[in-house]
Amino acid sequence: MLNTYDYPEFDYQQSAEQQSGELKRHPVVIIGAGPIGLTAALECANQGIPVVVLDDNNTVSIGSRAVCYAKRPLEIWDRLGVASPMVEKGISWQVGKVFFKEKLAYQFDLLPEQGHKMPAMINLQQYYLEEYMVNECERQELIDLRWKHKLLSISQNHDIATLVIETPDGVFNMEAQWVIACDGANSDTRKMLGGDFSGQFFQDRFLIADVVMKNDFPTERWFWFDPVFHKNQSALLHKQSDDVWRIDFQLGWDADPEGAKKPENVIPLLKQMLGDDCEFELEWVSVYQFACRRMDKFRYGRVLFAGDSAHQVSPFGARGANTGVQDIDNLGWKLKLNLDGKAPIELLDSYSEERVFAADDNLMNSTRSTDFITPKSKSSRVFRDAVLQLAEKHEFARPLVNSGRLSTPTPYLQSSLNSEDEDAFSSCMAPGTNCADAPITVSGHSSWLLNHLGGQFKLLIINEDAAHSVEQGGVKADVLKLGTDFDDTERLVSQRYDGEQGAVYLIRPDQHVAARWRKFDEAKIKAAIAKACCQH
Amino acid sequence: MSLQLQTNIAKPDSFYNRLIDMQRDLSEEEVQMMNAKLILLLSNHIGEEEVLFEAMDLAKP
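Protein chains in written order, with the numbering used here: chain A, 1 to 536; chain B, 1001 to 1061.
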């Protein structure tokens, strides 16, 4: 098989603590250096928390695996300083076509709203994404990346988790105030803690292949239901960087997963799809069965689960890695406040509350897509095909076609950290919603709103005169004021935040709205900060 | 609005006759597909979720 990518090999190094045999207590230890673990490391460092990352391997993801990254995770990575190489290397796309048998059933355009720094969606092989994050982690003094460190067991009491770690130099112990388990769908950490992980397994298998080819296919997402080249199943074609294409084939439940992976079986399938004239080479092939399930809660004592270790969805809609990154966005500032003694452990329960809510939304969406793509009964298949036939001619049926609803953030509208609206506002940007980006001008230079929010609590002041920073229980919210700190050149901040009549937003460190008012009122802001930090 | 359960079709015999006629000479598979399309077309025409859900509940065995 071909190689467009050279997998880096990271050096194992014995840690000082293992060498000296001294038992060290760390504020945060992360298990797993995949996309979520690496994001967690960068987020902790960004919050000023020294962090150790353990990974039992010493390279990046083998094969492209997660491919599509949506705007919100890109915004988070931008805050952590790693988005630009991703966007530069990644492929931006916005048109999707859905075919039924040999015909185009319909096409959609993501039509991203203008005036956002990050694109709606990029495609990028997971190994590039990880490589860029490893590079950034290595630049950060607060991050201690340790390869070839395998977690053997974990025990915990009320305050501390003790980890037993194996390296090429033997076994040693570490202590951690908090552990973030980012060790994937087959999480060993979860098994060690007896974590409940239940849901639905789908009786179907999919073959995914990275194929290298040069051709003039447009940069679009193509999805086939029941194509002539692969009868009764579905297929997907999606472009990645370096002329690598991701191709998915539904195989059905009876397929032999080992046999299906063999080049002598994959290549004829690809030839039928791409045509005999298309020259291509296989780079990577994998077969998987997927499940839609989650843990009952994402905090087990001192251990917090994030990404696939906490929840697993079907791949339709790019909801796995994207939602995992948002787990970390939610978690970092809460850990920091708790470690600094400014918030009780309850704030970490709100991590579970908010992200379980988001996971359920993702699970619902991905289960719906799966039910459409792989109908469970003969009559649901008839309905599915009826929708696809009608969609060709009639606009009304097109929104019913579901080849994966693309990942968008789930607002925490019911969160216990929100302060309810007292003043009348339009519904967008309600408490619990992630902040919309907008172009702004700062000291005469073009900039973006999100680049000036986040990391810490902020007060975004729009068309309101009175404003000053507010401190509550050691938590400070600084002011970002229209007219003083930035100019709303395109008036999009006023528009997107319903600020024409004056608005004061309390923004959480994860760029989510905690509360909003029409007028500046220090007592109300203090109460809202206390609520958002679970301070009593 | 709630689901209309009083007579609403002006010529019941004509409607029913057409409904049954549609299925004549079709295979079981064709009939199933036709019925599914009919449900989707009419559902979109009705539009109101409340009415659709009420009808679904009523139709359940």
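Rather than coming from a laboratory, the hints here were simulated on the basis of the structure.
Note that the coordinates shown come from a computational prediction; the quantities given were computed from them, not determined experimentally.
The beta carbon of each residue, even a glycine, is placed where N, CA and C say it ideally should be.
One should not assume that every hint holds.
Unchecked claim - One side only, chain B facing chain A, incomplete, derived with CB under 7 Å:
| no. | residue |
| --- | --- |
| 1 | LYS1037 |
| 2 | LEU1040 |
| 3 | SER1043 |
| 4 | ASN1044 |
| 5 | GLY1047 |
| 6 | LEU1058 |
Evaluation of the provided hints:
A hinted interface residue such as LYS1037 (chain B) counts as satisfied when its beta carbon comes closer than 7 Å to some beta carbon of chain A; here the least separation is about 5 Å, so the hint holds. For LEU1040 (chain B), the shortest C-beta to C-beta distance to chain A is roughly 6 Å, which falls under 7 Å, so the interface hint holds. This hint is violated: SER1043 (chain B) has a C-beta 9 Å from the nearest C-beta of chain A, more than the 7 Å allowed. About 4 Å separates the beta-carbon of ASN1044 (chain B) from the nearest beta-carbon of chain A, less than 7 Å, and the hint is met.
The closest approach between the C-beta of GLY1047 (chain B) and any C-beta of chain A is roughly 10 Å, which is over the 7 Å cut-off, so the hint fails. The criterion of a C-beta within 7 Å of any C-beta in chain A is not met by LEU1058 (chain B), whose closest approach is roughly 19 Å, and the hint is violated.
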